[in-house]
Amino acid sequence: MVTPVIGSLERRAVVARLLRDRDGLLVVTGLGSPSYDVHAAGDHDGNFYLWGAMGAAALVGLGLAQAKPDRTVMVVTGDGEQLMGLGGLATIAIAAPANLVIVVLDNGHYGETGMQRSHTGLGIDLASIARAAGFAGAVTVTEQAGLESAAQSIRERASGPRLYVVKVRPENLPRSLPPRDGVHLKNRLRTHLGFVVA
Amino acid sequence: MRTIAIDDRAGAAGVEPLDWPKELYRVLKQHDVRQMSYVPDAGHSRLIELFLADADVVSNLLTTEEEGVAIAAGAWLGGQRSVLLMQSSGVGNCINMLSLATIGRFPLLMLVTMRGEWAEFNPWQVPMGLATEPALAAIGVRTLRADTPADLVETVRSAVTLAYDADQQVAVIISQRLLGTKQW
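Line order of the protein sequences matches chains A and B.
With my numbering as the guide, the letters of the first sequence map in order to residues 64 to 261.
With my numbering as the guide, the letters of the second sequence map in order to residues -9 to 174.
Just chain A, same shape as in the assembly (with noise of 0.2 Å):
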């Protein structure tokens, strides 16, 4: 346990700043705000989006790093959500690809249910608990020189995969509302991928 940080940095200008210039990056997003998030930095076919399974962002993340690993499959999720799968963290430790980059927008909070403090409200550090994993970069980022800094080195091949906690405001914004269909996200990003779709 360490002393709650509560973020400052805003999560929509976060998200717009990594997915800059995403070149071929392929992105998984965690129910709630981050699926949002990463809607209104601007739809595209490489995005999956979750709107339930919760606990699955990250998992989905290495299945799909697993099967192409020339790709940069970035995982943009919620500290709610990844503490859910918290063991996923052992997991992806030990399968260690190099191509997988989760990204916990972490307020705090539940926004979804109303601004309950979460387990990272109350004092989890969830990227020491990455790092004990052998995670081979888990960082904490609070201000705006370490998110350039985390948006450089996300391009970069890595030698195994990496955790960014992204110190973010508690905060509800306006939803920006991607697909809700399932099969359509899915079929949409395989045919991104070249793969035909039956």
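It is possible that part of the hints are untrue.
[As the list claims (entries may be wrong)] Stretch-level coverage of chain A by chain B, calculated; a stretch enters the list once three of its residues show a Cβ under 8 Å from a Cβ in chain B:
no., stretch
1, 102 to 115
2, 144 to 154
3, 243 to 255
In short, the hints are calculated from the structure, not lab data.
From a predicted model like this one, the values you see are computed outputs, not experimental measurements.
Built from N, CA and C at the ideal position, the CB exists for glycine as well.
Assemble chain B onto chain A, guided by the hints.
Only chain B this time, still in chain A's reference frame:
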């Protein structure tokens, strides 16, 4: 601990018993399965060993079975087929995550070894053993049960096609009678 008892009826008749884990591995490889994820189980131990020795298949050890449902969806997004191995107790861990597979119509192939249904000595295995097939049916996953090694191989062959060609979510239920009694 090796607990698989090969108990093929053909074996009792003096014919060589069917090496079903090897046959399942062969069927899955024939159908281009490229990722395998698992929570260890005695009944799956041989199949797990075969996959771990295969450099062309990425194998993921899971902390809980639901992780494998998410990995399978990601693998399919990236154009790869996968298989998820677990014991019946693990099915209970998967239920909400299976909504990803069903609502996205993601091909999903689960091989589930049963506990709690045949000569079971551990009462703690019984509730989830009873709930395994109804729980899968409730969330929309089709179950195909196999009671003999020969039937198991054919069932998996059928399930592979249902999953990967017809976009179905399929769990092959490997009966405890087929697996044999756990040795202590």
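Checklist entry - Quick check: which numbered hints come out false for this structure? => result Result: no hint breaks.
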